[in-house]
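**Q** Sequence:
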Amino acid sequence: MAVQTAFSTSAVPLSSLLSFYLSDVSLALSDLTLSATVSISLSVSVVRSVLNPFYIFQLFSVILWSADEYYYYAVAIVFMSVISIATSLYTIKKQYVMLHDMVAAHSIVRVSVCRANNDIEEALSTDLVPGDVMVIPSNGTIMPCDAVLVSGTCIVNESMLTGESVPVTKTNLPNPGEGDKEGDGAYSMEEHKRHTLFCGTHIIQTRFYSGELCVCVLSHNTRTHDLFYFCFSTAKGQLVRSILYPKPTDFKLYRDAYLFLLCLVAIAGIGFVYSIVLSIMNKVPAKTIIIESLDIITITVPPALPAAMTAGIVYAQRRLKRIGIFCISPQRINICGQLNLVCFDKTGTLTEDGLDLWGVQRVENGSFHLSEENAYKESLVKSQFVACMATCHSLTKIDGQLSGDPLDLKMFEATGWFDLEVKDLEVKGNSVCCVPIQLAYEIGIVRQFPFSSALQRMCVVARLLGEKRMDAYLKGAPEVVASLCKKDTVPEDFADVLEDYTKQGFRVIALAHRRLESKLTWHKVQNVNRDQMEANMEFLGLIIMQNKLKAETAGVLEDLRRAHIRTVMVTGDNMLTAISVARDCGMIPPQDRVIIADALPSKDGQSAKINWRYADKPSKHVGKAPQDVCHTDEPTSQDQYHFAMSGKSFAVISEHFQDVLQKLVLHGTVFARMAPDQKTQLIEALQSVDYFVGMCGDGANDCGALKRAHGGISLSELEASVASPFTSRTPNISCVPSLIREGRAALITSFCVFKFMALYSIIQYISVTLLYSILSNLGDFQFLFIDIAIILLIVFTMSLNPAWKELVSRRPPSGLISGPLLFSVLTQILICLGFQTIAFLWHNSSEDDHNIKNYENTSLFYVSSFQYLIVAIVFSKGKPFRQPSYKNCEDQLVLSVSFSAGPFVVSCIGLYIFLFFIMFYPVSAIDEFLEVSGHQPGETSFIQILASSFG
0 MAVQTAFSTS AVPLSSLLSF YLSDVSLALS DLTLSATVSI SLSVSVVRSV LNPFYIFQLF
60 SVILWSADEY YYYAVAIVFM SVISIATSLY TIKKQYVMLH DMVAAHSIVR VSVCRANNDI
120 EEALSTDLVP GDVMVIPSNG TIMPCDAVLV SGTCIVNESM LTGESVPVTK TNLPNPGEGD
180 KEGDGAYSME EHKRHTLFCG THIIQTRFYS GELCVCVLSH NTRTHDLFYF CFSTAKGQLV
240 RSILYPKPTD FKLYRDAYLF LLCLVAIAGI GFVYSIVLSI MNKVPAKTII IESLDIITIT
300 VPPALPAAMT AGIVYAQRRL KRIGIFCISP QRINICGQLN LVCFDKTGTL TEDGLDLWGV
360 QRVENGSFHL SEENAYKESL VKSQFVACMA TCHSLTKIDG QLSGDPLDLK MFEATGWFDL
420 EVKDLEVKGN SVCCVPIQLA YEIGIVRQFP FSSALQRMCV VARLLGEKRM DAYLKGAPEV
480 VASLCKKDTV PEDFADVLED YTKQGFRVIA LAHRRLESKL TWHKVQNVNR DQMEANMEFL
540 GLIIMQNKLK AETAGVLEDL RRAHIRTVMV TGDNMLTAIS VARDCGMIPP QDRVIIADAL
600 PSKDGQSAKI NWRYADKPSK HVGKAPQDVC HTDEPTSQDQ YHFAMSGKSF AVISEHFQDV
660 LQKLVLHGTV FARMAPDQKT QLIEALQSVD YFVGMCGDGA NDCGALKRAH GGISLSELEA
720 SVASPFTSRT PNISCVPSLI REGRAALITS FCVFKFMALY SIIQYISVTL LYSILSNLGD
780 FQFLFIDIAI ILLIVFTMSL NPAWKELVSR RPPSGLISGP LLFSVLTQIL ICLGFQTIAF
840 LWHNSSEDDH NIKNYENTSL FYVSSFQYLI VAIVFSKGKP FRQPSYKNCE DQLVLSVSFS
900 AGPFVVSCIG LYIFLFFIMF YPVSAIDEFL EVSGHQPGET SFIQILASSF G
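Following numbering that gives the first Met the number 0, the numbering of the sequence shown begins with 0 at its first residue and continues without gaps.
Keep in mind that the hints were calculated from the coordinates and are not lab data.
Just to be clear, a hint being listed does not mean it is correct.
Listed next, with one range per pair, are the computed distances between beta-carbon atoms [to be verified]:
hint : residue 1 : residue 2 : range
1    : Thr287    : Val264    : 19 to 27 Å
2    : Ser606    : Pro136    : 48 to 56 Å
3    : Ala122    : Gly604    : 53 to 61 Å
Keeping only pairs whose Cα atoms sit at most 25 Å apart, straight-line, the calculated DSS-like set for lysine-lysine is [said to hold, decoys possible]:
hint : residue 1 : residue 2
4    : Lys876    : Lys804
5    : Lys485    : Lys518
6    : Lys549    : Lys467
7    : Lys485    : Lys523
8    : Lys647    : Lys502
9    : Lys804    : Lys320
10   : Lys409    : Lys547
11   : Lys409    : Lys396
12   : Lys320    : Lys549
13   : Lys852    : Lys282
14   : Lys518    : Lys381
15   : Lys647    : Lys602
16   : Lys192    : Lys381
17   : Lys852    : Lys251
18   : Lys381    : Lys396
19   : Lys502    : Lys381
20   : Lys804    : Lys549
21   : Lys251    : Lys876
22   : Lys409    : Lys467
23   : Lys502    : Lys549
24   : Lys92     : Lys320
Ideal placement from N, C-alpha and C gives every residue a C-beta, glycine not left out.
Construct all of the structure, not just a fragment, from the sequences and the given hints.
**A** Right under this line is the structure:
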């Protein structure tokens with residue numbers, strides 16, 4: 000088949016078409032490049048994990064303990080470290096594999112390519128280069144690259160990029176000579192999305208005229224010559240890049256943890272110098288001096304801290320998984336405990352995915368009829384209004400099922416007509432689509448101008464079979480459609496009726512019709528200008544669609560409001576519709592006022608400005624600048640005023656009114672018509688005013704915002720959800736409070752564990768320092784009993800407390816450096832120091848102190864063991880962020896099952912019983928193993944009991 004035939008619909012040669020349009024370039028994301036990227040990223044992750052300061056310190060500790068023949072705990076630490084690193088790397092690799100599978104789903108597929116001399120040959124997708132002409136199979140394929148459709152029509156599933164499973168129709172690029180607005184100037188991927196086939200999307204079905212091929216041309220980008228950048232210059236590559244290289248998220252807890260550890264290092268330094276001086280004074284061998292002085296450092300900075308801190312997060316991740324929330328970034332769980340603002344997408348998140356037809360309102364003779372529930376009436380079957388509803392859509396039949404935009408689907412179903420079918424009718428060698436309505440009544444679609452977000456409308460040319468003249472039908476945004484109609488056909492109260500519907504939260508679509516001249520033949524229609532086709536239309540009326548709130552929405556938002564968590568709507572929908580939905584779901588209370596900020600860019604020498612108006616009274620402007628109304632020191636202002644703005648206004652304000660932007664985001668509740676990158680910018684603006692921001696959405700258009708937020712939750716399980724830290728199987732926002740509750744529980748657990756581990760190191764530091772003064776130390780098995788039987792057991796069980804059952808109005812502290820927390824820790828340190836000193840001085844033996852088994856050692860071993868337990872109990876907090884330990888223990892005793900927080904109580908009680916038993920009823924085998932003195936003076940036992948009671 001000749002190549003010229005494939006482009007017979009073009010008015011200019013292929014070479015001219017390509018040179019005119021292809022000023023933008025992109026290379027396919029090859030499997031080889033991605034594999035190399037994944038391998039490099041995984042290697043970097045391995046290096047970062049191994050070179051983590053904690054793991055380097057653990058390596059140092061293991062070497063030191065091995066030199067001191069303390070092999071048991073060294074092996075335990077090595078085992079935990081290896082498990083921790085392996086688990087982390089497994090999680091990272093799993094994410095990269097998911098990402099690789101998502102990106103490389105198209106890898107190494109065979110494609111048909113048009114070569115010189117009109118030959119068609121088979122080639123691998125990895126061999127494609129910019130400018131290649133690829134033939135798209137009639138049964139569809141996975142696109143291996145970004146390409147421009149130059150002939151034919153494709154039905155495409157773009158869910159990988161957009162998160163929407165609704166197929167879209169792609170048409171061939173219009174001829175440059177037509178003068179179409181969409182065809183003016185050089186090719187732009189943004190402006191010509193309806194003619195661009197994106198890498199990774201699924202071509203479901205193709206349509207083409209008889210004797211022609213459905214072909215596309217690989218696009219490219221001459222603005223860059225960096226091969227590495229090429230690998231990510233496809234639309235799919237940009238998504239991958241945002242996933243691989245997100246902006247880092249800082250958290251005060253981790254900063255404070257490092258500061259606290261530096262303080263412990265300073266304390267260890269004091270002990271280091273003290274042990275060296277003391278050992279030199281007592282003429283201790285050099286090897287012993289080095290080992291014991293360095294051992295002080297490993298005692299003061301606990302090497303098991305990373306494993307202990309990870310335990311709470313791992314348990315929280317498992318609890319989230321049980322309720323259908325999957326996490327690919329576990330460290331974000333702690334951060335979710337601080338969320339005080341959550342942004343929500345509207346459609347599919349707060350409201351149902353689909354639209355329901357609320358009614359229609361027809362226009363005749365320039366006046367509105369009363370609204371009607373449907374268009375089923377027999378008298379309307381052959382009306383132009385119903386014909387427009389039946390033909391002006393992008394529906395297609397796939398495997399016997401109608402598929403396409405939900406709005407189009409609802410609109411077609413509302414006609415009451417039975418089916419939509421594709422037939423091939425030979426009309427001068429070309430095929431047309433036919434819509435059977437009733438017997439002997441069919442309308443054929445001759446040409447389709449697909450919906451354009453830039454133009455906010457779509458148009459079709461159709462012909463009633465059996466008639467010669469054709470009709471043009473138009474559907475789109477009411478304001479746009481009205482502007483293209485004859486003024487005498489548009490009702491005078493059009494603006495009022497439209498405003499009334501949009502305030503109620505309805506989505507309104509306008510219809511229009513035009514009877515075409517008889518001189519317009521089929522061939523002329525194929526080359527006619529879109530603007531000419533859509534001029535001088537007759538206004539037919541309105542279709543009113545309803546987007547219902549999900550059943551859970553209002554209740555969840557009320558729970559968040561009671562918890563003093565601010566909610567914001569970020570949507571691509573109409574402004575007034577979004578405000579109406581915000582009122583319906585309780586995001587904006589009924590008594591509060593909404594002020595719309597309309598920002599106008601600088602134009603014709605005039606500077607940019609902002610117009611302020613009330614949403615309920617658009618003609619009434621605000622008397623004074625709202626930035627003066629909403630001061631941060633007026634607590635009631637947020638309850639009285641809510642700001643709303645569009646994406647265009649947000650862009651202008653971000654560029655020209657930075658000082659106003661911060662005040663607007665502090666009180667802004669509705670952000671409508673927001674593009675994906677603007678959603679991300681809004682998240683960053685909210686974070687800049689010290690909000691911890693959550694984002695909940697259901698598509699890849701929310702991908703950047705989901706990744707940038709402190710806690711992003713995707714309600715979609717499509718491939719794009721790999722970019723979100725959290726994915727919920729429950730397709731409603733009830734997952735948001737659950738995530739925040741678990742985040743708060745995990746955060747409090749991290750605080751408890753960190754304080755406990757810090758006190759554990761200080762208590763052991765005090766014990767060892769006191770024993771060093773008599774040239775003694777704790778025995779290896781004493782260290783082992785404390786580190787394994789007490790510390791690790793307590794840490795791994797005190798982290799099991801599940802989240803509290805409801806959200807409370809206050810948040811956990813965000814950092815370790817706070818007055819109450821430091822006071823608590825210092826008080827415990829002083830108490831422990833006092834009791835250990837008393838126990839040490841109470842009985843100072845005159846026996847040989849150069850051994851382990853002596854009364855001082857035994858006293859401090861028992862006292863410190865009780866202190867570890869009492870500190871764990873003191874720091875194991877429950878309500879209002881976690882379930883209390885004792886309550887869960889009671890549940891466990893009643894049910895005899897459940898492994899939640901009960902084991903912590905059981906562990907503490909078991910250790911107390913064991914310690915009291917071996918202290919009052921010595922067992923020689925145990926005493927020999929632990930190297931303790933079996934019989935001690937009564938006074939020392941009294942001190943140990945006192946220490947265990949009040950330590």
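**Q** What are the numbers of the hints that this structure violates, sorted from low to high?
**A** 6, 16, 17, 19, 22
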